[in-house]
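Engineer: Spelled out, the chains give:
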Amino acid sequence: MIWQSLKYGISQVWGNKRLIAFYYLLNLLLAFFLILPLHNVLNDFAGRSLMGAKLAESFDMNLFFELIHEHGDVLSLWMGLVFIGAIVYWLSMLFLSGGILHLFIHEKSGTIASVLGNSARYFPRMIRLSLWSLPVLGILLSVQFIYSGIQRLIFGSDPYQSVLYWGAWIKVALRFIIFWVFVVIIDYARIHLVQNDERKTRKSLLAALRFVIKNPGKAFGLKALLIVSGIFALVIYNLLQIPLSNSAGAGLFVLFFIQQIYMIFRSFLRLATFSSQAELYQDAESQERIDNAEEILLAV
Amino acid sequence: MRTRIFLAFLLFFCFMFSSLFAQTVLFEKPLSPRIANYDIDVRLDAEKYKIYGKEKLRWVNKSRNTVRELQFHLYLNGFRNSESTFMKESGGRHRNYKFEGDGWGYIEVKKIAPENGADLTEKMEFIQPDDGNPEDKTVFRLPLDRPIAPGGSITLNIDFEAKLPQPPFARSGAWKEYFFVGQWFPKIGVYQNGKWNCHQYHRNSEFFADFGVYNVKITVPNENIVGATGILVNITENEDGTRTHYYHAEDVHDFAWTTSPEFVEFTEQIEDVKVRLLLQKDHAAQAERHFVAARAAISFFQKNIGDYPYPNLTIVDPRRGAQGSGGMEYPTLITAGTFSHIPSGLRMPETVTVHEFGHNYWYGLVASNEFEEAWLDEGINSYVEMLIMDKFYGPKGSIIDLFGVKLNDLEMQRSQFVQIPDIDPIVQPSWQYYSSGSYGVNSYQKPVVMLKTLENYLGTETMFKILHTYFERWKFRHPGTQDFIQVANEVSGQDLSWFFDQALFSTAKLDYSVRGIRCKKVEKPKGYDYSLLLAADSLEEKKAEKDSFVVENDTLKSEQDSTEKDSKEFYESKVYVRRLGDFVFPVEVEMVFDNGDTIRENWDGKGYWKKFTYVKPAKLVFATVDPDNKILLDINLVNNSKTRKKSSAGINKITSKWLFLIQSFLDEPELLNLFSILMSIS
Ligand SMILES: [Zn+2]
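Residue numbers (the working numbering), protein chains in the order written: chain A, 1405 to 1704; chain B, 2 to 683.
Check each hint, because a few of them may be wrong.
[Claimed, not checked] As a list, the in silico DSS-like pairs of lysine-lysine whose alpha-carbon atoms are at most 30 Å apart: (1) B:K177 to B:K63; (2) A:K1512 to A:K1604; (3) B:K466 to B:K631; (4) B:K647 to B:K658; (5) B:K392 to A:K1458; (6) B:K575 to A:K1458; (7) A:K1458 to B:K510; (8) A:K1458 to B:K177; (9) A:K1421 to B:K658; (10) A:K1458 to B:K620; (11) A:K1458 to B:K631; (12) B:K57 to B:K196; (13) B:K527 to B:K575; (14) B:K63 to B:K30; (15) B:K646 to A:K1458; (16) B:K111 to B:K124; (17) A:K1458 to B:K397; (18) A:K1458 to B:K521; (19) A:K1458 to B:K466; (20) A:K1458 to B:K522.
If you're looking for bench data, these hints aren't it; they were derived computationally from the structure.
With the hints as constraints, model all of the structure from the sequences given.
Structural biologist: Here it is as structure tokens:
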């Protein structure tokens, strides 16, 4: 069922290639908008200095520290801007999720305009759903504190630094798992919301929880496949970028090209997640309905 | 016959007796004046974090004055309460560690009396020579009943009791089973120029003391491992479940020790130095990293600076939670600084070991006054640390070489210097700096950048000769800044006071800048009476004779040029160089033209600006002050050059890399989670 959903999801995304481009361009444009002030600061600072020109060969730490010294306040403002940019990006992803899911669940193919229209329709509910999901995230995140407690219980209040070090890795892994579990729940809640045009977002959240608890293998199996392909892409990207990381000119252009291919793949993956999860959810639900019907028939 | 047997017996007895009580001798001839000599018997109460000591001090008056009082340091009283000068100055903070809770430390002199003399305990009087803070009990004076004539000496018996701060704070203290005992005993000041030099314990200062011989017997629980200054003479078992470790050191000016049952011990012979490593259990895997660094440091120093006269070196790794005792130097004993699983590309353990070993030269052997002129120790030492790190682990990424980020020692030092280059001069009493940041920059980083600038000015060979001469001349003595300057002048064969006056005693900033470059085609003269314009006429004439010439501050200077003879178009290129800071330093200015021609000019830097004008059959591409990047004291290297056209390739490269980072961050903010690993090891 996982493979089928994935296959179906991928084919559906492939049929809506404009969406991939839309997702990718949104990411690129926002990143471009965020990098622009930094580019200008750098250009004003070192654009006519040989040190700026030599950046093409290798990064210069002296330049970096002088930049911090001369434009420290501008740089911290810029960091704030990137943070705000991240929030804007997250909100726009949340906004689009309604329209995208509507497309995959109800329309199968459509225009960017229809996606945007539907996104606007679902957006208030998506916001409410996110707010309702906060307690779920809180509960999930508390798992890492349980780990800290266990660590303290076993190693006491004065553990060796290596315990803290490996503990940090375990906590990182835990946080990733928690994050993914949370994302899976929220994804299915959104799917439920869009599929049933649910007005009460709490109901969607509960339905998603019920679904994930009932079908953990399928839900997490599919997500795991998508995560693994993401990691796989990252590994391939890194293998390709290492020999190019210090190049200039044509090499730099090739590097940029590879980076953008990677980002396009990420956009594709994000959309494939939506469509294949929607497919999985619908499949599992109709299966459940058939089972229920059979049960009723048998009972009759 | 009988007499002979008796004599033989007597001789044998005498031999046995003398060998039992003989002092261990390290150096046949004393290497130092041996002014302050200590025999200390100290017992540790590991439960109460207390030490009980009996000290016999033999002090020799090598001055030309009769000494009527003595002055002593009681450093541990810096941690006695919140009102001590140390605590008031530091607000309970020292090197990123905060003093919290109730772990106050102190030291009390229970009894002090000259041998065969009356008890002087009642005459002790706390004094505060630096700040008059009556709550500070880190220095006391002791008026003597009988003055000490020049060449005379005094032996004092001192009983003391001390409690160590917990956890270790500002170098010294205890934590659980680990003890690092530094600045722990009543220590006599330095009698210099007819008066006592005995400063209070300050947040921003280290120490100053006279050389001598130390015999220290340290009694600790049976299972404890001990590390200390000097060499281990013997260990004796006591009936109460303790052991006494007897250490002996000669020609040193301080003594520190450590003990813990948890140490894992490693040893290695490096050249003629026996290196002993006392590591924490979960750092045991890093033994080789420390040894590699120690090898680099020992070989560099012995080759370039001078002989390390002591037979051994002990490196102590502080316990977790006791890092306040890390990164510190004592004669033949240093403390390390590391964390479990620190990546090999983060060279903190190596840097600390190299740095602290270096102190055995610039603090241990050349005993300058760290209270008053900290740079002579920390500054020169950090400079040599930088040379070693960048040579052995560099030239790029000697300090950080992680995830493509490369930072070398010189860059690290310079980065801190440029943040606050001009609040205080380098030479200043440690406690009188504007802030601890300013103390740090002026004692460590600015001297590194200054000495590197001097090295580039004089040449590496001359610089090493200066360091070597300074070391050989001043080891086992107390040099001051002027002594260093004198050696530098003498070795370099030039009067460098113009440099040191600016670099050491002023806050003058060094900043040269190419403010502008202009390049325009030389047009034929137009208008009335242009033949009266001398410059235009002579331009034409000169053009006929030579290919190009230089107009420099209104004087014409012709030059041979290799440009093609048939070149028709001439360009006038102007370079405007300015000195933006008050620091005057001779500089080179380089002009590069689009036909590949390069011109180098020298400017003594004495004016506020300098204009260079060239008429050549080529366009100027860029101009640079200090093209070989020799003047690291220049606080702004970016403005040292100017290109005629904007060059965007480098900046585009950086921004395209950052663009991708931001794209990824937007798409997968959860990856930031990974940074918590780095946080966990620091
Ligand atoms: Zn130091």
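Engineer: Assess, step by step, whether the Cα of K527 (chain B) is no farther than 30 Å from the Cα of K575 (chain B), and give holds or violated.
Structural biologist: holds (21 Å)
Engineer: Is the straight-line distance between the alpha-carbon of K1512 (chain A) and that of K1604 (chain A) 30 Å or less?
Structural biologist: Given pair K1512 (chain A), K1604 (chain A) holds - Cα atoms ~25 Å apart, limit 30 Å.
Engineer: Hint check: K1458 (chain A) vs K631 (chain B), CA-CA at most 30 Å. Holds or violated?
Structural biologist: holds (17 Å)
Engineer: Run the distance test for K1458 (chain A) versus K466 (chain B): straight-line Cα separation, threshold 30 Å.
Structural biologist: violated (34 Å)
Engineer: Could you grab the alpha-carbon distance between K1458 (chain A) and K521 (chain B) and see if it respects the 30 Å cut-off?
Structural biologist: holds (26 Å)
Engineer: Taking 30 Å as the top limit, are the C-alpha atoms of K1458 (chain A) and K522 (chain B) close enough?
Structural biologist: Holds, because 28 Å separates the two Cα atoms, which is no more than 30 Å.
Engineer: Has the given pair, K1421 (chain A) with K658 (chain B), been kept, meaning a C-alpha gap of at most 30 Å?
Structural biologist: Distance ~27 Å between K1421 (chain A) and K658 (chain B) Cα, so the pair holds.
Engineer: Is the hinted pair K1458 (chain A) and K510 (chain B) satisfied, with a Cα-Cα distance of at most 30 Å?
Structural biologist: With a Cα-Cα distance of about 26 Å, the restraint between K1458 (chain A) and K510 (chain B) holds, given a limit of 30 Å.
Engineer: Hey, K1458 (chain A) versus K177 (chain B), does the alpha-carbon distance stay inside 30 Å?
Structural biologist: violated (53 Å)
Engineer: Please verify whether K1458 (chain A) and K397 (chain B) have alpha carbons no more than 30 Å apart.
Structural biologist: holds (16 Å)
Engineer: Need the status of pair K177 (chain B), K63 (chain B): alpha-carbon distance at most 30 Å?
Structural biologist: violated (43 Å)
Engineer: Next pair to validate is K646 (chain B) with K1458 (chain A); report whether the Cα-Cα distance is within 30 Å.
Structural biologist: Holds: K646 (chain B) and K1458 (chain A) sit about 14 Å apart, inside 30 Å.
Checked against the numbered hints listed earlier, the structure breaks hints 1, 8, 19; every other hint is satisfied.
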